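Novice: Numbering (my numbering), first residue to last: 1 to 217.
Hints were generated in silico from the structure; no laboratory data involved.
Since the model is a prediction, treat every value here as computed from it, not as a measurement.
Treat the hints loosely; a few may be bogus.
For lysine-lysine, the following DSSO-like pairs were computed, each having C-alpha atoms within a straight-line distance of at most 30 angstroms [to be verified]:
| hint | residue 1 | residue 2 |
| --- | --- | --- |
| 1 | Lys50 | Lys172 |
| 2 | Lys42 | Lys118 |
| 3 | Lys42 | Lys172 |
| 4 | Lys174 | Lys37 |
| 5 | Lys174 | Lys42 |
| 6 | Lys50 | Lys37 |
| 7 | Lys172 | Lys37 |
Just the calculated beta-carbon pair ranges, DEER-fashion [as the list claims (entries may be wrong)]:
| hint | residue 1 | residue 2 | range |
| --- | --- | --- | --- |
| 8 | Val59 | Gly173 | 14 to 22 angstroms |
| 9 | Leu4 | Val149 | 44 to 52 angstroms |
| 10 | Ile15 | Thr70 | 33 to 41 angstroms |
| 11 | Ile196 | Asp157 | 22 to 30 angstroms |
| 12 | Met117 | Ile185 | 31 to 39 angstroms |
| 13 | Gly18 | Gly82 | 37 to 45 angstroms |
Every residue, glycine too, gets a C-beta built ideally from N, C-alpha and C.
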Amino acid sequence: MNFLCQRLSFYASFIVYGISISLIAGSLISQQWIQGKVVNSKVIAMVEGKMHAGLFSGVRVLDWGLGVRTIPFSVLSELEEGTSFFGRGYWFGTVSFTAFGMLFILLAMIFCLIYGMKKQKEYITPYGIMGCTALAMIFLSGAALLFYVNFSQYMIDTVLLDSQMEAGFSTKGKIWVGYSFQLFIASIVVLLLPFILLYLGRVNCCRSDRVMEKTDK
1 MNFLCQRLSF YASFIVYGIS ISLIAGSLIS QQWIQGKVVN SKVIAMVEGK
51 MHAGLFSGVR VLDWGLGVRT IPFSVLSELE EGTSFFGRGY WFGTVSFTAF
101 GMLFILLAMI FCLIYGMKKQ KEYITPYGIM GCTALAMIFL SGAALLFYVN
151 FSQYMIDTVL LDSQMEAGFS TKGKIWVGYS FQLFIASIVV LLLPFILLYL
201 GRVNCCRSDR VMEKTDK
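Kindly produce the complete structure, drawing on both the sequences and the hints.
Specialist: Quick look at the structure:
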């Protein structure tokens with residue numbers, strides 16, 4: 001049997017996993033999981049305020065009427081102080097599930113290399129790759145769900161500190177999920193491709209085998 005197609009499917013899947021990891025890393029590094037506008041009912045601001053934040057840090061741009069102030073903040077610090085717009089359990093679950101998802105993607109990449117370099121005498125059913133991919137999708141989907149539930153419960157009303165709200169600032173109805181979250185969702189969708197590639201690799205192997213058998217006859 002000609003196993004070239006299956007080996008190519010392993011290497012193609014390896015590249016797809018690399019793309020998925022890159023998308024996750026990009027979403028984690030960026031500070032655009034949530035974005036929003038900040039208005040002030042007490043002060044006539046020269047510039048409309050705004051904010052954006054990721055899982056670990058963010059920035060609030062506020063105008064008290066005396067000029068714009070850019071205020072960077074750490075999500076971890078605000079969690080410790082109990083002032084964060086993240087629910088502690090939701091944040092920990094989102095980060096933990098993301099870490100487990102990335103771990104299983106890395107394991108799938110290792111299986112792809114092992115299977116791809118192995119000398120094949122028969123068709124390999126890549127249970128290791130498919131199992132790791134399925135687990136990665138489950139964990140990453142769980143992380144996305146936890147974040148969105150947190151967004152709906154905690155962030156939709158305000159992402160400001162008490163002192164800022166007392167000064168008249170508000171973000172109610174002006175917050176939305178940013179492109180970092182969309183990158184994260186894309187990393188999950190991309191993980192569907194290895195299933196398709198592995199299936200095509202198997203079909204082409206079987207087809208090549210039938211062609212060779214007819215040729216021998």
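Novice: Each hint: holds or not?
Specialist: Results of checking the hints against the structure:
1. Lys50 to Lys172: holds (12 angstroms)
2. Lys42 to Lys118: Violated, because 69 angstroms separates the two Cα atoms, which is more than 30 angstroms.
3. Lys42 to Lys172: Distance ~15 angstroms between Lys42 and Lys172 Cα, so the pair holds.
4. Lys174 to Lys37: holds (6 angstroms)
5. Lys174 to Lys42: Holds, at about 17 angstroms.
6. Lys50 to Lys37: holds (4 angstroms)
7. Lys172 to Lys37: holds (9 angstroms)
8. Val59 to Gly173: 14 to 22 angstroms: holds (20 angstroms)
9. Leu4 to Val149: 44 to 52 angstroms: holds (46 angstroms)
10. Ile15 to Thr70: 33 to 41 angstroms: holds (39 angstroms)
11. Ile196 to Asp157: 22 to 30 angstroms: violated (41 angstroms)
12. Met117 to Ile185: 31 to 39 angstroms: holds (33 angstroms)
13. Gly18 to Gly82: 37 to 45 angstroms: Taking Cβ atoms as reference, Gly18 and Gly82 lie about 39 angstroms apart, which means the hint holds.
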